[in-house]
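There are 2 protein chains.
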Amino acid sequence: MKSRSHETPAADLPFDSTLLDSLLGDAGIDLLLVTSKHNIQYLTGGHRFFFHDYADAIGVSRYLPILIYPRGNAAASVYVANPMECYDRDLGKFWMTELDLSAWGTLDAARAAIAQIRRLGGTGRIGIEGSFFPADAYRSLCEAFPNRELVEAHYPLERLRARKTSAELELLRGASERVVEAMLAVFTGARPGMTKQDLVDTLRREEVNRGLVFEYCLVTAGTSLSRAPSDQVLQEGDILSLDSGGNYRGYIGDLCRMGILGEPDAELVEYLAEIETIQQAARRPIRAGTRGGEIFGEPRRLIARSANRGALDFVAHGMGVVSHEAPRLTDYAPQRYDGCDADRRLESGMVISIETTMTHRRRGFIKLEDTVVVTEGGCLAYGDGGRGWNRAGGP
Amino acid sequence: MKSRSHETPAADLPFDSTLLDSLLGDAGIDLLLVTSKHNIQYLTGGHRFFFHDYADAIGVSRYLPILIYPRGNAAASVYVANPMECYDRDLGKFWMTELDLSAWGTLDAARAAIAQIRRLGGTGRIGIEGSFFPADAYRSLCEAFPNRELVEAHYPLERLRARKTSAELELLRGASERVVEAMLAVFTGARPGMTKQDLVDTLRREEVNRGLVFEYCLVTAGTSLSRAPSDQVLQEGDILSLDSGGNYRGYIGDLCRMGILGEPDAELVEYLAEIETIQQAARRPIRAGTRGGEIFGEPRRLIARSANRGALDFVAHGMGVVSHEAPRLTDYAPQRYDGCDADRRLESGMVISIETTMTHRRRGFIKLEDTVVVTEGGCLAYGDGGRGWNRAGGP
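Top to bottom, those sequences are chains A and B. Heads up: the first sequence begins at 1 in this note's numbering, then just goes up one per residue. Heads up: the second sequence begins at 1001 in this note's numbering, then just goes up one per residue.
Same shape as in the complex, but just chain A (with noise of 0.2 Å):
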């Protein structure tokens, strides 16, 4: 093991340490335990182990990556994890200099981490992240530390990603972009007397083999609500919804497009028109410096001065790593939630998903989801493509 003298320069780390030291500071956090795949992946600059890529569980326990960032010291960080990660650690994809890779459940992981954390020293707050920190590996914690308080490192975790790099922002168009690519092929291919989950199980194929891991789809056919896969046929004339998540190399496409097995009359065209329309609107105050919740003005007069009021929803929320993160437009996910974006200004490199969605009880489920990244100037739609009625068969 080398020494914890070593000391890696910033310069030499996939994220702002500055800037989460910062963070900690503000949330009065001195020692922080990441153990989110999604944070482990932000903080080691891609690393997301393969092995439990999927599957947390094995044998009686399940995979606990920690990785132990002192605050003000990232030279001092330790990584926690699985030993079959010496093949990662061998292809150098490590920055951390400290690795113990012994633990093939939680409580093992514990015990490493607590050995680590008593080497480092140190009397201050813990920063857990409270939602992927299992309770038998806490348990062990609060015994070892009963002095040291533990409190929630979500806010400065999710605060240090909520504006992308160039980099991440590639692999976001990349996301949106397949996704979308993607769902234009099952409309295509849809015909009367394949089910809803015969449209799922073609776009999981799609999008696997445009390189995504498939995550999820939400989908709606002719003027059912229902949104999950099932044994529901399609019929000649039906609406069709595909409201999917695609995970490229570790961000998330997430889009909703409109399908049809046949022609569109006026009135699903007018629907449609009216959801792009709202949608177009709330891009249009997008760029640094506005107030996040200047993005629901429009859409909300939009909608008020409706026909269809009764029907529409909008929504807008901040997306990357997480299908739901910063900026944080609404209170719609009110969990801890001590603070909303909404009244501060957006920067440069923040992505939003923006939602629009008629539930119409004689129509159906008619939604468009977009991607936009905010820049200087405006905003940028990523996977920005097949807007409107997308024909089965093909345009």
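If you're looking for bench data, these hints aren't it; they were derived computationally from the structure. Any given hint could turn out to be false.
Here are the simulated lysine to any residue pairs, SDA-like style, with alpha carbons at most 20 Å apart [what the hints assert, rightly or not]:
| # | chain 1 | residue 1 | chain 2 | residue 2 |
| --- | --- | --- | --- | --- |
| 1 | B | Lys1093 | A | Val233 |
| 2 | A | Lys93 | B | Lys1093 |
| 3 | A | Lys93 | A | Asp53 |
Starting from the known structure of chain A, arrange chain B on it as the hints suggest.
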């Protein structure tokens, strides 16, 4: 909300509630809280919420389903889950009469579960899955019930799953066969100049195209012992190993097969034959009533007298919903390990993965991993093809 006086007949449940009650009794658990995806899947008879199948994180927290099961009173069970699981409810997927589909994160899930536990009453011990219960929800639970003991519920749940039904066995057969078919397709298409990452990407597509969820692939090429996907370029003559987990409707196929870019020389043929001999020797004693540890007898004797004994390793472990589960035949995953199935009798319907690995410094990584099911008269192997040197370009 329906009254809890309604009694679901045990015969309607997708699991053996009599066995579960007995196991919970042995563990001193009065009220069970199930929170892992795999045990939720098992107890609901196959439900795994599609929106969070891959990613747990959303917003400022994560998905946390909680199935509340009072010992001896299955009919009073409650399922706390996500609002979008209403679609699955409407499809009739849940046997639980009491549903609270309001939770987007861990703390609102905990809040809902606490209210339901209060309504159910009782003062006895609560069993939790300590590795799959988030720390923040755990803190809420401790505060709500300071006088109720919280104990580990892993073992009764694992034991409940140990013997597979015929329907489960069909899924495990389907998983194993598809994984092996996908591997053979990858070997057939392997060419010098491809990378290990290319092999894994191809295997992912081949598995998904066969209806599997790709979980992971450990991969080696040439004489390297590194099993991570990487940019290592395949060379003419390289041996290849693919050890992959693919998930078929909630059940895991996990096998290892060997390929080669060319023709194996006599030494390679001999080494794989030696591994095959050990694998077959391991199967021979397997039948209902055999002591679990007997599987290790002949393989250990064969290895002890092999010229390659320093390079050979044999292991066997139960599998099914989790890649390592009961029967536990070794102390491979020692965490909270309290009693080894090596001294218990095998039972029909148990599924065992048997693995022989040669890590040969000069020739590379050579391995077979097979899946067998214990029957009354012996054992059956699933996905048992492709056991030799699979040539690139096909047979």
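Which hints, by number, does the structure contradict? 2
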